[in-house]
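Line by line, the protein sequences give chains A, B, C, D, E and F.
Using our numbering, you'd call the opening residue of the first sequence number 571 and step up by one each time.
Using our numbering, you'd call the opening residue of the second sequence number 571 and step up by one each time.
Using our numbering, you'd call the opening residue of the third sequence number 571 and step up by one each time.
Using our numbering, you'd call the opening residue of the fourth sequence number 25 and step up by one each time.
Using our numbering, you'd call the opening residue of the fifth sequence number 25 and step up by one each time.
Using our numbering, you'd call the opening residue of the sixth sequence number 25 and step up by one each time.
Because the hints were derived from the structure by calculation, they are not lab data.
Take the hints with a grain of salt, since some may be wrong.
Not the full set, but computed from the structure, chain F residues with beta-carbon under 10 Å of chain D [what the hints assert, rightly or not]:
(1) Arg48
(2) Ala52
(3) Met53
(4) Glu55
(5) Ser56
(6) Val102
(7) Leu106
(8) Leu179
(9) His181
(10) Phe184
(11) Gly186
(12) Leu191
(13) Gly195
(14) Ile201
(15) Lys212
(16) Phe214
Listed below are the simulated BS3-like cross-link pairs for lysine-lysine, each with C-alpha atoms no more than 27 Å apart in a straight line [claimed, not checked]:
(17) F:Lys212 <-> E:Lys212
(18) A:Lys593 <-> F:Lys167
(19) E:Lys212 <-> D:Lys212
(20) F:Lys167 <-> D:Lys44
(21) D:Lys212 <-> F:Lys212
(22) C:Lys593 <-> E:Lys212
(23) D:Lys44 <-> A:Lys593
Ideal placement from N, C-alpha and C gives every residue a C-beta, glycine not left out.
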Amino acid sequence: MQTHALKLVVVITEAALETLLVKDILALGAHGYTVADVRGGGRRGVREGTWEADRNIRLEVICHDTVADAIAEHVLQRYALNYSTTVFVSDIGVLRPEKF
Amino acid sequence: MQTHALKLVVVITEAALETLLVKDILALGAHGYTVADVRGGGRRGVREGTWEADRNIRLEVICHDTVADAIAEHVLQRYALNYSTTVFVSDIGVLRPEKF
Amino acid sequence: MQTHALKLVVVITEAALETLLVKDILALGAHGYTVADVRGGGRRGVREGTWEADRNIRLEVICHDTVADAIAEHVLQRYALNYSTTVFVSDIGVLRPEKF
Amino acid sequence: MSLDPVVLFFLLGVFARLLKSDLRLPEAMYESLSIYLLLAIGLKGGVELSKHPIGPLLPQVGGVVLLGLMLPLIAYPVLRGLGRLPKPDAASIAAHYGSVSMVTFAVATAFLVDRGVAHEEYMPLFVVLLEVPGIMVGILIAKLGAGGGVRWGALAHEVFLGRSIVLLTGGLAIGWISGPEALAPQSKLFFDLFKAVLALFMLEMGLVAAGRIRELRRTGAFLLAFGTIVPCVFAVIGVVTGRAIGLSPGGAMLLGTLAASASYIAAPAAMRIAVPEANPSLSLAAALGVTFPFNIVFGIPMYHRIATALVPPAT
Amino acid sequence: MSLDPVVLFFLLGVFARLLKSDLRLPEAMYESLSIYLLLAIGLKGGVELSKHPIGPLLPQVGGVVLLGLMLPLIAYPVLRGLGRLPKPDAASIAAHYGSVSMVTFAVATAFLVDRGVAHEEYMPLFVVLLEVPGIMVGILIAKLGAGGGVRWGALAHEVFLGRSIVLLTGGLAIGWISGPEALAPQSKLFFDLFKAVLALFMLEMGLVAAGRIRELRRTGAFLLAFGTIVPCVFAVIGVVTGRAIGLSPGGAMLLGTLAASASYIAAPAAMRIAVPEANPSLSLAAALGVTFPFNIVFGIPMYHRIATALVPPAT
Amino acid sequence: MSLDPVVLFFLLGVFARLLKSDLRLPEAMYESLSIYLLLAIGLKGGVELSKHPIGPLLPQVGGVVLLGLMLPLIAYPVLRGLGRLPKPDAASIAAHYGSVSMVTFAVATAFLVDRGVAHEEYMPLFVVLLEVPGIMVGILIAKLGAGGGVRWGALAHEVFLGRSIVLLTGGLAIGWISGPEALAPQSKLFFDLFKAVLALFMLEMGLVAAGRIRELRRTGAFLLAFGTIVPCVFAVIGVVTGRAIGLSPGGAMLLGTLAASASYIAAPAAMRIAVPEANPSLSLAAALGVTFPFNIVFGIPMYHRIATALVPPAT
Ligand SMILES: Nc1ncnc2c1ncn2[C@@H]1O[C@H](COP(=O)(O)O)[C@@H](O)[C@H]1O
Ligand SMILES: Nc1ncnc2c1ncn2[C@@H]1O[C@H](COP(=O)(O)O)[C@@H](O)[C@H]1O
Ligand SMILES: Nc1ncnc2c1ncn2[C@@H]1O[C@H](COP(=O)(O)O)[C@@H](O)[C@H]1O
Ligand code: NA
Ligand code: NA
Ligand code: NA
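Model the full structure from these sequences, guided by the hints.
Right under this line is the structure:
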C-alpha cells in the first residue's frame, strides 16, 4: 500500500491552553487536530487531572514537515517557559495526503 | 533490545462507529485494539465531544503490514465518504510479535 | 528543524496497575509520563471500561533508548504474565532532549 | 409572555454559548441527566398505566402508531419538493420530525401541570409509541429511494434497543409492574426532583442548540421555515388525532406537542448508521437549532391554545 | 414473588445487556453513585451508633470479626477440593466470599424496612468489620500457598485505605461524631433519596453482572453451584452468629445476608494487586454473575425466613 | 469546638489524601457538583433579590465593588515587601485573595442558618460583585509591572464569561426573573439538597487541598503566615465595609468571610492565561492549602464573633 509520509506532532500540556493552542495550530497551517484528556507528570510536577487546574490535554496534529516544525517551535517558544509542556514529533504515513 | 517491526494503525472517527469498526478490524485479522474518547476538528468541522452526536473516538491497532493495509483501506473505503474519518499508520516495535 | 531522536514507550494495561507502573518507570530512569483512560480488547478478552475492574490505561513515556528497553522489559517480565498488557516502542523526535 | 424557569435555563445556555463562555457541562453529566429523565418519564407513565385497564387503551395505541407512521410521509415530499434536498437528507430529516423529543414533552407536561390542566397521565406510553415508527419510515424511504436492500433485523435492533427506547420502556414496565405504592420510596428522586433536573438539562440543551445555529447560516432559510412551520402543522394533526382517539384537551395538546417535536437523540443515532449519506448537520440544525427552541418558547403555549379550541373538554 | 422495584431495575440492566442494547451508564455516574451509597450507608450507621453506648457492642464486634475470618477458611477447601481450582484462584474466590457486598446489604435493609421488620440500625458498622478480614485471610492463604513472603505493610495499606473502606468508615465516623440533629440538613440527600439512588445503581449492576455471564459458560457448572449453595450455607452461619451475639431476627438476617454476599469492589481491587496469578474473571463471574443476582432475587427472602425460624424475637 | 458535618467531610478528604488512600472523585462529579453549587447560590440570591426594590441596593453595590478593588492593592505590597515574591507571583496571589471562594461563602451561610442568625438573603449578589474586580486589579498590577500592554477585551471576556461568573449571574438572573413561586418546583433540588451537596463537594475539596500541602513545605513559612493572617485582616475590613453600607451583623459577617476568602476557581483559570509567568503552585498552595481550611475550621466562627462585636444589630 502506498502511503504518503507526513508528521505527527503531539503536544501534552495544561488543559487551560486548549483554545489558544487550537487557534495557533490552525493559524500555522494545520487542517485538523485531535484532543484527549490525560494526566501525567514531568519536570513541573504531577498533574493528576482530578480538577480543572490539574488536567493535561494531549493534542495531536497530522501535518507536513514545515507545519510540524512551525508548530513545535511556536509551542515551545510561546508556552514551554511558563506552562507544563511536552512536544514530540514522529513519522507517519497517510493514504489521503490532500486531506492534511 | 531486539524489537520486531509492526504497524500501528490509528483511526480517528465518529463515536457512533465504534462497534462496527471493532467488528471490522477483528474480521480483517487484528487481534486487539484500544479505544480512547477524544474530540477534534478537521475537514468536516469541529466535533467537541459535549454530547453523543459530537464525540470522536481514537482507535489504535497494532498489527502486521498486510493487516494494517487492509484496515486502512477498508476504513477509508467504507466510512471516509460519509463520516469524519482520519487514518494514519506508523512504524512501531514490539517485544512479543506472536501476540499481534 | 533539528530534532533529537528518542523513544516513545507505550504501555496499555489494567487501570489497577497505574500507581505501581508510574513508580516503576520513574525508578527506571524516565523523567515523566502521560496517562489516558482507554478501553480495548486483546488476547485476554474485552475490557470495556464501564467500571473499575474493567478499565485500561494507556501510559506513554518519552525516554532514551536504554531506559525504553528497561521499561519494556521490566513491564513484560513483571506484569505481562498475569495482567492484560500491551507494550510497544516507536521512534520520535524532540526539540529539548535535556528534558527527557 | 412570562417564561418558565426551565425555559430560562435553556436561554442561559444559549447566551453562554453565543457569548463564547467556556461553560461546558461534563459529558458524563449530560448522559446521567438524560438517563434520569428517560427513566423518570417512563416510571411516571408506568405508574399511571398500572391504574388503568389496558384493553380500552388499545384503540388509542393504534391511532398514535398511525400518527407516527404518517408524519414522515408528509414531511418527506416537502423536503424534496420545496427544500430541493437530496433524497438521503430529506429522508433523514423526515425521520427526525416523525420521531419525538422527550425533553419537549417534559416541558409541555410541566406547562400543563403548572396551569393545573388535566391530561391523561399515561402519556409517556405514547412517547414510546411515537419514538420508533417515524424513524423506521424514514429509513424505509431512504433505502427504497437508494434502491438498496434494508437489513431490517439489524435495523430493528438498532432502533428498538437504542438507549432511549430501552430506558423509556424499562421505566414504563417497572412503573407498571410496581404500581404507586411500591414505587413510593423512589418518588422523591424520580418525581419530586424531576422539574429541577429538567432545568439543568435544559441548560445543556441551550449550549448544544446554540452550537447548531452557525450551521443554519450555511443551510439557509428553508430549514428555518421548515423547522417552524412544520411543527405547527404537525401539532394540529396531533391535536386532531388526539381528539379522534378520545383524549382530553390536555392530552391532545401533549400529543400535538409530540407530533410537533423532532427527535435529537434516538433519530440521529439511528440515521447516522442506517443512512450514512445523510448530512447530520442538516437534521440537527433543524431539530435542535430551530424546532426545539421554537417549541419550547413559542410552540407549547400555542399548541395549548389550539388544543383548547379544537378539543371539547372531557365530561 | 412480587419483586421490589430495586430488583426490577437490576433485571432491566440484565435484559438490556443480554439483548445487546447500547445502554451504558457513564463510568463517572457509576463511580458517583457508588461513592454516594458508601457514604450514605456509613452516615446512617454512624448516626445510629451515636445513639448507643459503645461498650456493650464490643462483644458483637468480636463475633463479627471472627465470622469474617472464618468464612474464607471454609470456602477455600471447597474451592480446592470440589472445584479443583488452582491455589491462587481458590484463595482469591475465598477472599471475595469472605468479604461482603455493600449493595446486597442495602437491598436487604430496604427489604426489611419495606416489611417493617426491626433490626439493629448500626449494622453498617458490621459491613465495615466484615469487609476487611475476609480479604486479609484470602491473601494470607494465597501467599502461604505460594511460599512467598507477604508485604503486610503495603497490603494493609491497600486494603484499609481502599476507596470503599475509607468512604464507609468516613461516613460512620461523621455520622457518629455529628449525631442525628447536626446531620438533619444532610438527610434529604443521604437518607431520603437512598433507595432511588440504589435503584439507579442496580441498573448499572445489572449491566455489569450480565456482562459476566458469558464467562460462566466457559468456567462451567462448578462456579454456578458454588455461587448459589455457598451463600445459603454462609447465610445460615451468619444468622447463627447473629443469634449468638444477641441480634434481633432482623439483625441476624442482615448478618446472614452479609455472610452470604460476595465482594465485587474491595476484594477484586485488592486481590488483583496482591494475588496477580488469580484469574479475576473467575471470581467476578461467581460473585457478580451468580451470587449477586441469586442473593437479590432469591436469597434475601430466603434468609429472612431462615432468620425468622432460627432467631427468637427480641423481647 | 463542635465541627459542622460539612467540615468533617472536608477533613475526611484531607485524611484520605494524606494517608494516600486511592479515594478519588471522578472529575465529572467534581464539575457537576460545582455547577450545581454555583447555580443554586445564584438562584437563591436571585429569588431574594426579586423581593427587594433594586434602587436602595445600589449604594451597597458600590461599596462592595470598591472593597473588591481595594483588597488586592493591600495584598500586593505585602507579598512583594515581606514575601519578597517576584512581581507576577505577587500580582497573581493578590488577585486570588482579592477574589472570593464560593464554597467558603456557602459554608459561612450554612453556619449562620444553623445558628438562626439573620442576614441579607441577597448576599449572593455580592459574591458575583466581588469575584471579578480582584482578578482584574491583579492582572492590571501584573501587566503594569511587566510594562507590557493589556488586551483588555480578551481579558474581560475571559473573566466575565468564565464558567463560575456565568453560572452565578445566570442563576441570579433566573431567580430574579422567576421569583419564589415560579421557582418552587426547583427548590427541592436547588435549595433542600444544597447543604448535603456542599458536604460532598467538601470531601473533594479536602482531597484537593491536602494535595497542595506538599507544595507548602517547599514554599516555606511566608505563605503559611500570609494565608492565615491576611484573611483575618481582610475579614475585619469586610465586616467594617458591611457596617458602613448598612448590613446586619449576619450580612457583615458574610461580607467579611468573602473578603477573607481566596478564589481557587475563577482566579486560577484567569491568571494562568493572563499572567503565565506566575507560578500557579504558589497561589493554589496558599488559597487552597492554607486559607481555605483555615477559614472553614477557624475563620468562620471567628469572623462571626468579630461581626457581632463590630456591627450593631439591625433594628
Ligand atoms: N518523559 C515524558 N514522557 C511522557 N510524557 C511526559 C514526559 N515528560 C512530561 N510529560 C507530560 O508532559 C506534561 C508536562 O511536562 P513537564 O513540563 O515536564 O512537567 C506532564 O504533565 C506529562 O503529562
Ligand atoms: N490534521 C489532523 N490532525 C489530527 N487529527 C485530525 C486531523 N484532521 C482530522 N483529524 C481528526 O479526525 C476527525 C475527522 O476529521 P475530518 O474527517 O477531517 O473532519 C477530526 O474530528 C479530528 O479529530
Ligand atoms: N493488537 C492490539 N492493538 C492495539 N491494542 C491492543 C492490541 N492487543 C491488545 N491491545 C490492548 O492491550 C490490552 C491488553 O491486551 P491483552 O493482554 O492482549 O488482552 C487490551 O485490552 C487492549 O486495550
Ligand atoms: Na414529531
Ligand atoms: Na461474604
Ligand atoms: Na477575598
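Interface hint outcome for F:Glu55 [beta carbon to chain D under 10 Å]: 5 Å, holds
Restraint check, 10 Å cut-off on beta carbons, for F:Leu179 near chain D: 14 Å, violated
27 Å limit on alpha-carbon distance, applied to hinted pair A:Lys593 and F:Lys167: OK: A:Lys593 and F:Lys167 at ~23 Å, within 27 Å.
Status of the hint placing F:Val102 at chain D (closest C-beta pair under 10 Å): Check failed: Cβ of F:Val102 comes no nearer than 31 Å to chain D, outside 10 Å.
Supplied contact hint for F:His181, tested at 10 Å Cβ to chain D: 7 Å, holds
Satisfaction of the F:Ala52 interface hint, Cβ to chain D closer than 10 Å: Holds. Min distance 4 Å.
Cut-off 10 Å, beta-carbon criterion: hint that F:Lys212 touches chain D: With Cβ-Cβ at 5 Å, under 10 Å, it holds.
When the least beta-carbon distance from F:Leu106 to chain D is tested against 10 Å, hint result: 35 Å, violated
27 Å limit on alpha-carbon distance, applied to hinted pair F:Lys167 and D:Lys44: With Cα atoms ~24 Å apart, F:Lys167 and D:Lys44 stay inside 27 Å; holds.
Minimum beta-carbon distance criterion (10 Å), F:Gly186 to chain D: 6 Å, holds
Restraint check, 10 Å cut-off on beta carbons, for F:Ile201 near chain D: Holds, about 6 Å.
27 Å limit on alpha-carbon distance, applied to hinted pair D:Lys44 and A:Lys593: Between D:Lys44 and A:Lys593 the Cα gap is close to 14 Å, so the pair holds against 27 Å.
Violated hints, listed in ascending order, are 1, 6, 7, 8, 22; each of the other numbered hints is respected by the structure.
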